[in-house]
Amino acid sequence: MSTPTLDKHSAALDAAENTASHAIKVTFRIRRFNPEVSEEASWQDFELDIDPKERVLDALHKIKWEQDGTLTFRRSCAHGICGSDAMRINGKNRLACKTLIKDINPQKPITVEAIKGLTVLKDLVVDMEPFFQAYRDVMPFLITKGNEPTRERLQTAEDRERFDDTTKCILCAACTSSCPVFWNDGQYFGPAAIVNAHRFIFDSRDEGGEQRLEILNDKDGVWRCRTTFNCTDACPRGIEVTKAIQEVKRALITRRF
Amino acid sequence: MKIHKYDTVIVGAGGAGMRAAIESTKRSRTAVLTKLYPTRSHTGAAQGGMAAALANVEEDNWEWHTFDTIKGGDYLVDQDAAEILAKEAIDSVLDLEKMGLPFNRTPNGTIDQRRFGGHSRNHGEAPVRRSCYASDRTGHMILQTLYQNCVKEGVEFFNEFYVLDLLLTDVDGVKKSSGVVAYELATGEIHVFQAKSIIFASGGTGKFFKVTSNAHTLTGDGQAAAWRRGLPLEDMEFFQFHPTGIWRMGILLTEGARGEGGILRNKDGERFMEKYAPVMKDLASRDVVSRSIYTEIREGRGCGPEGDHVYLDLTHLPPEQLDAKLPDITEFARTYLGIEPYTDPIPIQPTAHYAMGGIPTNVEGEVLADNTTVVPGLYAAGEVACVSVHGANRLGTNSLLDINVFGRRAGIAAAEYSADHDFVELPEDPAQKVVDQVERLRNSTGTERVTELRQELQECMDANVMVFRTEQTIKTAVEKIGELRERYLNVSVQDKGKRFNTDLLEAIELGNLLDLAEVMAVSALARKESRGGHYREDFPNRDDVNFMRHTMAYREVGADGKESIRLDYKPVVQTRYQPMERKY
Numbered sequence: 001m002s003t004p005t006l007d008k009h010s011a012a013l014d015a016a017e018n019t020a021s022h023a024i025k026v027t028f029r030i031r032r033f034n035p036e037v038s039e040e041a042s043w044q045d046f047e048l049d050i051d052p053k054e055r056v057l058d059a060l061h062k063i064k065w066e067q068d069g070t071l072t073f074r075r076s077c078a079h080g081i082c083g084s085d086a087m088r089i090n091g092k093n094r095l096a097c098k099t100l101i102k103d104i105n106p107q108k109p110i111t112v113e114a115i116k117g118l119t120v121l122k123d124l125v126v127d128m129e130p131f132f133q134a135y136r137d138v139m140p141f142l143i144t145k146g147n148e149p150t151r152e153r154l155q156t157a158e159d160r161e162r163f164d165d166t167t168k169c170i171l172c173a174a175c176t177s178s179c180p181v182f183w184n185d186g187q188y189f190g191p192a193a194i195v196n197a198h199r200f201i202f203d204s205r206d207e208g209g210e211q212r213l214e215i216l217n218d219k220d221g222v223w224r225c226r227t228t229f230n231c232t233d234a235c236p237r238g239i240e241v242t243k244a245i246q247e248v249k250r251a252l253i254t255r256r257f
Numbered sequence: 001m002k003i004h005k006y007d008t009v010i011v012g013a014g015g016a017g018m019r020a021a022i023e024s025t026k027r028s029r030t031a032v033l034t035k036l037y038p039t040r041s042h043t044g045a046a047q048g049g050m051a052a053a054l055a056n057v058e059e060d061n062w063e064w065h066t067f068d069t070i071k072g073g074d075y076l077v078d079q080d081a082a083e084i085l086a087k088e089a090i091d092s093v094l095d096l097e098k099m100g101l102p103f104n105r106t107p108n109g110t111i112d113q114r115r116f117g118g119h120s121r122n123h124g125e126a127p128v129r130r131s132c133y134a135s136d137r138t139g140h141m142i143l144q145t146l147y148q149n150c151v152k153e154g155v156e157f158f159n160e161f162y163v164l165d166l167l168l169t170d171v172d173g174v175k176k177s178s179g180v181v182a183y184e185l186a187t188g189e190i191h192v193f194q195a196k197s198i199i200f201a202s203g204g205t206g207k208f209f210k211v212t213s214n215a216h217t218l219t220g221d222g223q224a225a226a227w228r229r230g231l232p233l234e235d236m237e238f239f240q241f242h243p244t245g246i247w248r249m250g251i252l253l254t255e256g257a258r259g260e261g262g263i264l265r266n267k268d269g270e271r272f273m274e275k276y277a278p279v280m281k282d283l284a285s286r287d288v289v290s291r292s293i294y295t296e297i298r299e300g301r302g303c304g305p306e307g308d309h310v311y312l313d314l315t316h317l318p319p320e321q322l323d324a325k326l327p328d329i330t331e332f333a334r335t336y337l338g339i340e341p342y343t344d345p346i347p348i349q350p351t352a353h354y355a356m357g358g359i360p361t362n363v364e365g366e367v368l369a370d371n372t373t374v375v376p377g378l379y380a381a382g383e384v385a386c387v388s389v390h391g392a393n394r395l396g397t398n399s400l401l402d403i404n405v406f407g408r409r410a411g412i413a414a415a416e417y418s419a420d421h422d423f424v425e426l427p428e429d430p431a432q433k434v435v436d437q438v439e440r441l442r443n444s445t446g447t448e449r450v451t452e453l454r455q456e457l458q459e460c461m462d463a464n465v466m467v468f469r470t471e472q473t474i475k476t477a478v479e480k481i482g483e484l485r486e487r488y489l490n491v492s493v494q495d496k497g498k499r500f501n502t503d504l505l506e507a508i509e510l511g512n513l514l515d516l517a518e519v520m521a522v523s524a525l526a527r528k529e530s531r532g533g534h535y536r537e538d539f540p541n542r543d544d545v546n547f548m549r550h551t552m553a554y555r556e557v558g559a560d561g562k563e564s565i566r567l568d569y570k571p572v573v574q575t576r577y578q579p580m581e582r583k584y
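These protein sequences, in sequence, are chains A and B.
The opening residue of the first sequence carries number 1 in full-length UniProt numbering; numbering runs sequentially from there.
The opening residue of the second sequence carries number 1 in full-length UniProt numbering; numbering runs sequentially from there.
Note that these hints are calculated values from the structure, not bench results.
Examples of chain A residues lying across from chain B (beta carbon under 8 Å, computed):
#1 Ala16
#2 Ile81
#3 Glu152
Note that beta-carbon positions come from the ideal geometry of N, C-alpha and C, so glycine has one too.
Build the full structure now, drawing on both the sequences and the hints.
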């Protein structure tokens with residue numbers, strides 16, 4: 001079988017297959033906090049040799065495993081699916097496992113700190129409970145009335161597409177903890193909860209849209225959004241968060257969804 | 001130390017644990033103890049789909065699915081269990097749809113289905129569309145949907161509670177489960193949970209390999225807890241290597257990519273799977289494809305400067321199809337390799353993926369203390385368990401199915417057991433073993449480091465007990481693991497604190513991996529045949545006369561305190577399918 005694409009390698013493929021290690025010296029400036037040791041948070045620099053094609057998570061592991069076992073962060077899948085390792089890297093919310101060192105200018109110290117707006121418990125670990133409470137408060141489950149069909153509920157591909165974007169959410173909190181409104185007022189539901197409400201409001205099978213819209217019509221609800229787009233920038237899943245929030249606002253006015 | 005009392009306790013909040021919790025919470029007072037926040041569980045990393053013979057897009061039936069599962073498992077599958085899996089698959093998928101799962105749809109609005117490895121029409125005639133899917137994030141959608149329904153049902157979670165021990169109480173000569181002991185990560189506090197019934201749903205052990213699709217947290221915690229309390233582990237030598245992990249990183253690229261038409265190619269651009277599996281080609285079962293890839297590499301047809309990988313080629317597929325059906329995995333290639341899968345082939349290699357073996361159970365999810373005796377009140381479901389529906393090699397899309405079918409069954413059975421039984425008294429000093437373990441590690445001044453031991457273990461496993469094995473390589477592994485277990489006694493941690501001590505957690509996890517790696521290697525050494533995921537170059541054929549049986553490994557402690565592993569065997573349940581030579 002002819003395979004024209006394999007005859008000529010792109011420069012990108014050649015680079016990807018290059019096995020030579022190009023470790024460089026990188027400084028990570030990490031915001032440390034451990035109330036067992038001190039009530040004050042402080043910055044600590046770690047220097048290490050690492051290939052810039054590696055992830056920030058790889059660097060954090062290298063520091064923890066080779067330099068300082070007390071450095072504490074959450075992580076699990078290491079490829080952007082589980083949502084454990086959202087943190088503020090060079091001032092921007094990202095997943096440490098989805099950020100390559102080469103993409104964030106390793107010539108200067110790379111700053112890493114906990115996401116904002118949630119209580120820091122130790123180093124990069126925050127209290128996620130208020131975040132999940134807001135999620136639970138929007139009734140994030142399918143609500144239906146009447147008898148269940150024997151087989152599956154039918155849904156057209158177009159109706160399925162309507163809420164596809166917001167089904168991608170991994171609840172990492174990168175969006176909510178990038179929102180200036182949330183920083184100032186933790187009572188605000190925050191983008192992630194609204195995204196998950198959107199996922200059901202615009203699902204043609206769901207019949208709980210009115211209830212959810214009333215919840216989000218609250219003073220801490222969707223009207224607090226100031227459309228700064230921080231959330232959209234922060235989302236590691238590429239969800240158009242601000243657009244979803246706007247669609248919920250519009251549904252509240254028109255009651256059409 | 002705190003003591004809690006619940007009717008039913010579930011350990012783990014991935015797909016199996018949460019599916020069980022939805023059932024048991026309706027029927028009994030249930031607590032779910034989970035090392036991770038539920039939505040962090042590795043079920044979320046599954047991509048391609050969940051098999052069920054819905055026949056929405058072409059003719060199909062559960063009997064064909066049963067046959068494929070048994071053949072895929074190289075006839076080590078318990079056939080009664082496989083039949084239940086395939087039959088209940090249909091309601092299992094429909095249940096998830098009713099819970100809200102956003103499956104992809106056909107033009108007439110039903111659940112869409114696609115091809116997957118080893119799933120065939122009429123006993124191997126041609127590939128069949130059996131995988132129900134939601135883009136290439138089916139596992140993510142299952143995990144989210146189950147969590148959403150746990151919120152709806154008011155399931156009580158204890159997040160970041162790490163279960164370290166299973167409590168068994170001797171009642172008139174019968175070993176009954178009475179509770180579990182957990183370490184609260186946030187505070188370092190030890191909790192004892194007394195329960196009438198307990199379900200282990202704590203996932204796999206894949207982190208004892210270096211190149212793996214598994215999360216950092218998949219360290220066999222449930223298997224190790226059961227093992228150390230004298231319960232057997234079944235078929236631990238059978239581990240699946242998924243053909244398409246991102247080269248060197250191991251990140252999973254779904255078989256759905258080949259289901260959508262993707263092709264594996266060697267350095268000459270040749271579609272090499274045509275040679276090894278003339279009918280199913282790139283969609284042969286995973287053990288066959290992984291061996292084929294390594295054969296290409298060994299014979300000098302691998303790609304790249306070191307010839308150590310092959311390509312997954314999607315470049316002939318329309319970009320719109322990739323965007324719609326495979327958005328996540330194409331994004332992985334862009335993010336981690338910096339290549340464009342529209343125009344570049346993706347460098348891949350087999351990656352350690354799934355434990356077929358585990359804690360033996362019957363089809364109700366009840367844990368077995370030997371070939372037939374049930375441990376009253378103790379259940380297991382999902383990757384931690386061995387029913388056995390996967391035998392020597394699991395088919396793609398059968399694990400998302402397994403967690404739903406057997407998670408549900410275990411949840412119902414455990415809650416019903418709780419309703420009919422009283423609490424069993426806890427053993428004396430129930431937390432002592434865990435307190436000793438934690439304090440020993442926290443206070444140790446030993447010179448060994450967790451990171452070095454773990455790295456040596458992973459390198460040893462990759463080199464010696466991966467896709468190809470021989471007596472020599474397995475013996476090397478057994479010896480090395482023995483040495484590492486000795487050195488582990490001298491391990492210390494830097495973090496001596498109580499709060500979120502993940503340094504300590506990793507040390508405990510390493511201990512679990514070391515014990516389970518040894519069980520795996522010892523089981524593999526004794527199986528002098530090749531079957532499914534266990535391939536012995538020194539015994540390249542399947543030997544049904546001597547080895548058509550499950551391995552049952554037991555931990556024995558001698559009078560001198562010395563530990564050893566005793567192997568026994570359990571017959572395979574055969575119903576209507578006679579073993580045949582396996583061809584794809």
